[in-house]
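**Q** All letters in the sequence shown, in the order written, are residues 4 to 119 by our numbering.
These are calculated hints, taken from the structure and not from any lab test.
Even for Gly, the Cβ is constructed at its ideal location relative to N, Cα and C.
Hints may contain errors.
[Said to hold, decoys possible] Simulated restraints, written as ranges between beta carbons of each label pair:
no. : residue 1 : residue 2 : range
1   : Asp53     : Asp98     : 33 to 39 Å
2   : Pro96     : Arg23     : 39 to 45 Å
3   : Thr59     : Pro82     : 18 to 24 Å
4   : Gly55     : Pro100    : 31 to 37 Å
5   : Glu81     : Arg105    : 23 to 29 Å
6   : Pro111    : Leu5      : 36 to 42 Å
7   : Asp22     : Gly112    : 17 to 23 Å
8   : Ala101    : Ala34     : 24 to 30 Å
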Amino acid sequence: MLRCFLRAKIHRAMLTGADRDYIGSISIDPALLRAADIAPFEQVDVYNVDNGERLTTYAIEGKPGEICLNGAAACKGEPGQRVIIAAYAYLTPEDVPALAPRVVICGPGNVMIAPQ
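Sequences are here, hints too, so could you generate the full structure?
**A** Now the structure itself:
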C-alpha cells in the first residue's frame, strides 16, 4: 500500500503577485525551488496563512524573490499574504523510514533563512 507523505515545504513565503491573466500555476523563486527540491511543473499545494485558502496547482520558475499565484489561483491570495507551499510523495512502508522532508523557511524578500 502506498501512503502520501510531505516531501518538501517552502514555509511562510510572501506573495509578491497574483496574475489572473496567466494560464495557471504558482511562480516560485528558482533558488527556493532548488532548496526545497521542487521541480518545475511538479504538483504543489498552497496554503494561505492569512486567509485560510488552500489550493492545488503546479510550480514554475519565477524571478528571484518572486512568489506569484497565476490564473484562477490568483483569486486565492493577494500580494503581501503569507503562504506555505508543500509537495508530497507516495511511499511504500519500506521507504518511510528514509523520509526526510526538506523544509525551507523564508524571511523578508522571500530569502531563505533556514533550510532544514
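**Q** Give a verdict on every hint.
**A** Hint check:
| no. | hint | verdict |
| --- | --- | --- |
| 1 | Asp53 <-> Asp98: 33 to 39 Å | holds (35 Å) |
| 2 | Pro96 <-> Arg23: 39 to 45 Å | holds (43 Å) |
| 3 | Thr59 <-> Pro82: 18 to 24 Å | holds (21 Å) |
| 4 | Gly55 <-> Pro100: 31 to 37 Å | holds (33 Å) |
| 5 | Glu81 <-> Arg105: 23 to 29 Å | holds (27 Å) |
| 6 | Pro111 <-> Leu5: 36 to 42 Å | holds (39 Å) |
| 7 | Asp22 <-> Gly112: 17 to 23 Å | holds (19 Å) |
| 8 | Ala101 <-> Ala34: 24 to 30 Å | holds (26 Å) |
In this structure, none of the earlier numbered hints is contradicted; all agree with it.
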